[in-house]
Amino acid sequence: MTDEFHPSSAPPSTSIYHEGTMKPSFKSRFPCIRREDDFVSATSTRVCQYFAENWPWKSSTERDRFADQGIDMWPAFSFHDMPDDRLECVCLCSALAFLFDDMFESRSPDEMKQVFVRFEGLLMGTVLPASGDKFERVIFEISTLLRGNRKTDPFGLGEKYCEETLRWAKGSVRNQLSSKPHYSDLTEYLKDRFTDGGLWWTLSMLNWAYDTPIPQHLEDDPNIRELQIIFGSYSLLVNDIYSYRKELIEARMQGDNIENNLVSATPVAMRVWNCSADEAINHIESHIRWIEEHSFPEIEAKLKAGYTGNDLKFLEKYVERIKLIAGGNAVWSEWCGRYNRF
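To convert, note that position 291 of the sequence shown is 291 in full-length UniProt numbering; the numbers rise steadily by one, no gaps.
Keep in mind the hints are simulated off the structure, nothing from the lab. No experiment lies behind these values; they were computed from the predicted model shown. Do not rely on the hints blindly, as some may be mistaken.
Simulated DEER-style distance windows between Cβ atoms [said to hold, decoys possible]:
hint	residue 1	residue 2	range
1	ASP211	ARG63	30 to 36 Å
2	ASN54	ALA305	48 to 54 Å
3	ASP311	ASN149	17 to 23 Å
4	ASP192	PHE342	26 to 32 Å
5	ASP102	THR45	18 to 24 Å
6	GLU120	GLU298	34 to 40 Å
7	ASP81	ASP311	44 to 50 Å
8	LYS313	ILE229	19 to 25 Å
Positions of the beta carbon are idealized from the N, C-alpha and C atoms, including for glycine.
Build the full structure now, drawing on both the sequences and the hints.
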């Protein structure tokens, strides 16, 4: 990345800059192949019905709003060619991740500590859900589907996904409970967000969705990790510019100090460039575009130059899927009710 995105000073911003924030105009240059067919529609209906009946909603209004968010449909934009027999489980996981995120933000520290008393055991199948506890039942049922058995999951990718879910959840809670640092630039901010922002969770879901683990000798290549970090930076920033309006409205409703409590690249950029939210989003879009045009092509070329034969074929497919997730996530973020209907 270029020094253009690393200003040396970070003057403070003021809350008036948040007023009248517009929807981002960003269009990803990565491809998106959205799957739209009767099977996807039927799957979405079942997934929404499952959560409508089983999630511990605070109110009927909250439950009804869930159906309009499109959070179960993220995989249809990002994993268009995954096997049909994995689609429903991935859609369940997608919706659950966003519901987790909402729960982390709305519950008190004491409530979250109570959640984590049994959370790991429920994820890994070592404890059973408490009778009548809807939250525990949902966690247990979906994680059981993921882990499957050695016949349905010979590489143990479901268990690895559950481990990443636990790591992501702990990171998210830690983020909510800790004081928010004032980052000096976007790069510093991103380094602090890869776990709680869901990067490793997403990549473990990619492996499970296609039942394709990364061979160990490739996973050990630092260039693979660099590719994943670049992809994570891209996706986090895209999510941040689209989710900002939603998070801003929620912060105002809760009376939060926006500058100090909102975890997003947008207020970081506002401080760095001493500008309005819309101007900050423009700066972030420039950063995203730089990743598309420079960072990603450079690491892709470096990776492919180092391998031949089956390793090269695997990498070509892996890079293609990473690009499709990046492009699909951007299009979904522009489309979904979660970020666009308040």
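> Do the Cβ positions of ASP192 and PHE342 conform to the proposed distance bound of 26 to 32 Å?
Replying inline: 27 Å, holds
>> 30 to 36 Å was suggested as the range; check whether the CB atoms of ASP211 and ARG63 agree with it.
In response: 33 Å, holds
> Does the Cβ-Cβ separation between ASP81 and ASP311 fall within 44 to 50 Å?
Replying inline: Distance hint for ASP81, ASP311 is violated at roughly 22 Å.
>> Does the beta carbon distance between ASP311 and ASN149 stay inside 17 to 23 Å, or does it fall outside?
In response: 30 Å Cβ-Cβ, so the 17 to 23 Å window is violated.
> Should the hint that ASP102 and THR45 are 18 to 24 Å apart at their CB atoms be regarded as holding?
Replying inline: 22 Å, holds
>> Just to be sure I understand the hint, the distance between the Cβ atoms of ASN54 and ALA305 should be within 48 to 54 Å; is that true here?
In response: Holds, at about 49 Å.
>> Can you tell me whether the CB distance of LYS313 to ILE229 sits inside 19 to 25 Å?
In response: Taking Cβ atoms as reference, LYS313 and ILE229 lie about 23 Å apart, which means the hint holds.
>> Can you tell me whether the CB distance of GLU120 to GLU298 sits inside 34 to 40 Å?
In response: 39 Å, holds
Of the numbered hints listed earlier, those contradicted by the structure are 3, 7.
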